Amino acid sequence: MTDAAWETLSNQAVAACGVVYFLALLAYLVEWSALRKVPVTADAAVATDGSDGGVALATGGDGVDEDTARRTALFGRLGLLLTMLAVAIQFVALVARGMAADPNRVPWGNMYEFTLAGTFVVAALFLAMYRKLSLAWMAPIVVGLVLVLLMVAVIWLYDPVAPLTEALYSPWLVIHVVSAIIATGAFTLGGICSALYLIKERSKRKPTGYLARVPEPAVLDRVSYRLHAFGFPVWTFAVLITGPIWAHQAWSTYWNWDPKEVWAFITWVVYAAYLHARSTAGWKGRNAALLALLGLATLWFNFIGINFFSSTSQHSYAAPAVQVVDVPASGLSTR
Amino acid sequence: MAAERRPGELTLTEMLRWGWRQLTSMRTALILLLLLALAAIPGSVIPQSGVDSLKTSRWQEAHPKLTPIYEKVGLFSVYDSPWFSAIYILLMVSLIGCIIPRTFHYWKGIRAAPPKAPRNLSRLPDHATYETKDGVDDVHDDAFALLKKRGYRVVSGPDGAVSAERGYLREVGNLLFHLSVIVVLVGFAVGSLFGYKGGVILVVGNGFSNNLTQYDDFVPGSLFQPDDMEPFSFDIGSFDVNWLTSGPRKGMAQGFESHLTYQETPISEAKKYDLKVNHPLSIGDTEVFLIGHGYAPVITIRDGNGDVAYSGPTIFLPTDQTFTSFGVVKAPDARPKQIGLEGGFYPTYAFTQKTGPFSVFGNAVNPAISMLVYTGDLGMDGGSSQSVYELDKANAELVKKDDGSMFRVDLQPGQTAKLPDGLGTVSFDGVERWNKIQISRTPGKFVALAGVVLALIGLLGSLFIRSRRIWVRARREGDGTLVEVAALERSGGGDVSVVLADVVAALRAASPSPGEKEKS
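So the protein lines, in turn, are chains A and B. Position 13 (the first sequence) corresponds to 13 in my numbering; numbering is contiguous. Position 109 (the second sequence) corresponds to 444 in my numbering; numbering is contiguous.
Calculated from the structure, these hints are not laboratory results. Hints may be right or wrong, so weigh each one.
Residues of chain A clear of chain B, computed beta-carbon distances all greater than 12 Å [claimed, not checked]:
1. 11
2. 67
3. 84
4. 95
5. 124
6. 144
7. 145
8. 195
9. 202
10. 255
11. 262
12. 267
13. 272
14. 294
When the alpha-carbon atoms are kept at most 20 Å apart in a straight line, the in silico SDA-like pairs for lysine to any residue are as follows [claimed, not checked]:
15. 132/A / 837/B
16. 468/B / 813/B
17. 611/B / 164/A
18. 132/A / 826/B
19. 132/A / 836/B
This structure is a prediction, so every number in the text was calculated from the model and none was measured. Every residue, glycine too, gets a C-beta built ideally from N, C-alpha and C.
Just chain A, with the same shape it has in the complex (with noise of 0.2 Å):
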């Protein structure tokens, strides 16, 4: 296959898992609208903290007519199915990318990219973590969530396969992104959590609809506590280790506080104070799930913030082609 032929696949790729995520966000819809019918029963409340993962499958008995319980478990199973396809297509997608360009090399080299390569990496984590974390009440927003992402990186991102300025030809594109992509994953699907944590807290009295078969704020909190825990040393890894150490190679200086560099640190130290404030009195729950709402806000301005508004950032690789070059250092545009 040839370069362009690689990039038309990609492209193609692209908008088919875009349909897909859409087909299984309107899955989720119906399973959810269907839901609505249903009493949230003290068995359904267990169940969305138990292990088999769906959210209707144990409803049905008292009163609830059979024919409502089979359309959720159907609708249910379809929009994990079609999520599951979507992955696959998006991951072909990926794969595609990085073949088209030429030398061959890994899918994330502008912000196109990093999103689509992002929003892989947080419905894939998703689905692994789907079972193991009973993540079902989360299936739509994060459907939602890559779809809309999806869709900012297509309309606004969308750059041809391209060759990487010179810096970036190195083997720590390929670790340091990596796991910078990982920790932003782990981070949105956490802040996901706190999220709704806040928000089913607030309304702890008795909560309706979507909200009822959200898990107990207690159990929201572990779950959040438990993506942030992986995400946290994955992020050190990608800031405070490789990051440096490709930063002393390609621009001599290991850490320049370059404004790429002080808010991966901002993040870091937010995230920092999250850990502790989860086991420091008066800032547990309420306090604690704001600050990983906070570390958020402060990695998506890191990735979307910085990289447009920032011009003396070295890393802002979505700068147009043709940069304004003041001081003769940067004839190498590695900046």
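Assemble the complex: chain A is given as a structure, and chain B must be docked to it using the hints.
Then chain B, alone, in the frame of chain A:
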């Protein structure tokens, strides 16, 4: 004068102790952490003189009113400013104050036996009971063996009840993490105190030897000693670059490679190294990086008397991706009047009426210079230093054609232009290339790296080693035995009820007896 103590009044020692307790509390540490994050923000928004001095000075010129205020609060060097330092020093003190007492505490804790079973196990949030026909001692023995096998530290209490604990390394990881943070900061401090960073622009073919006079810019750490500089030298023999002529990044340069010959000391033998981006040359503790390149047109100026007033490659600074470059040539010795040139170099020259001269491509396919000529006093006799990239035009006048129209020196290699008024001639003899070389010495970098790696290991330990306690107590009840099992998760995030159910199931499997019934 014995002052009477009013309620709530503190002596100095009490005050200090109170302050120390406040500082080393978790809440203060949290607030300091968040303050550190907050304080780091301005440095990412306002240009920092330590990061990009040119950008900073431009910003300062553009904001004459804000600049003095910003300067006063150190917003142009946030990360060296007193208030930023204050936050992280307080954080460090807080950290150390937190760690030292905890080290002793955990040192004892690590070697301690599991605590004896609480009197009433069913008071614990996670507990289970079941009945069995087995004897009390049998149950205790089974539990002891089972928990031992599962990696718990197990002891038997005076009443026979089994206490088990695991995850002792969790706190070790926690301590390791916090100690490593200090190691990282020490490494970082050593690097910024004793290290240096400097840059030099060298025309290809020229050499460099490592001493202060040879640098164009040099940023030493505050405790840096020039004697620490390693006495190496190198020559740039040639420089390769590969220009992309097709595809979406057409015009981009790739594959930069400087072919160096270097000597580690003046008496050591010469070695070769191909210097590339991401592949610095290490000489001892010092590293040499290739971080930029550009063009140096070779220009010769002959004055009105026909004498050579200036000749040589002149470094022009690129202004965009097509390597349209800007530079000046100064000939202060030209007679009858000094001559200065200012203008552009275009590697692939093109011209339209609308845009004027421009470059369509970065490679020197059709190089040309287009420069304005100034004459008069270039301000170089006063002795004050001047940038080689700027022309002082305060006392110099722009040279025009005899009819008063615009005069430009537009030349291709090999061409010569005659200046009006018998000032002399300008020749464009050819094009050479230059490399920007960055040289830095960062002692302590491996200390910092080791610190971060240890911190990560500690972090993994403190996040993923589960610390929990399990107690099992059996007692005779009627003609059976009632077994109580309780579990306590000491680290957040785990779901201890699963562990409890698992242990209970394993215990019951160990002593299958008929007629048992379960309670919970």
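Quick rundown of the hints versus the structure:
1. 11: holds (14 Å)
2. 67: Given that every Cβ of chain B is farther than 12 Å from that of residue 67/A, nearest at about 34 Å, it holds.
3. 84: holds (26 Å)
4. 95: Non-interface label on residue 95/A holds, nearest chain B Cβ at 20 Å vs cutoff 12 Å.
5. 124: holds (21 Å)
6. 144: Fine: 27 Å to the nearest Cβ keeps residue 144/A off the interface.
7. 145: Residue 145/A clear of chain B: closest Cβ-Cβ about 24 Å, beyond 12 Å.
8. 195: holds (19 Å)
9. 202: Nearest chain B Cβ is 22 Å from residue 202/A, so the label holds.
10. 255: violated (7 Å)
11. 262: Violated: least Cβ distance 4 Å, not greater than 12 Å.
12. 267: It is violated; residue 267/A is separated from chain B by about 8 Å at its closest Cβ, not greater than 12 Å.
13. 272: violated (6 Å)
14. 294: violated (9 Å)
15. 132/A / 837/B: Distance ~16 Å between residue 132/A and residue 837/B Cα, so the pair holds.
16. 468/B / 813/B: holds (10 Å)
17. 611/B / 164/A: Judged against 20 Å, a Cα distance of about 15 Å means the pair holds.
18. 132/A / 826/B: holds (19 Å)
19. 132/A / 836/B: holds (17 Å)
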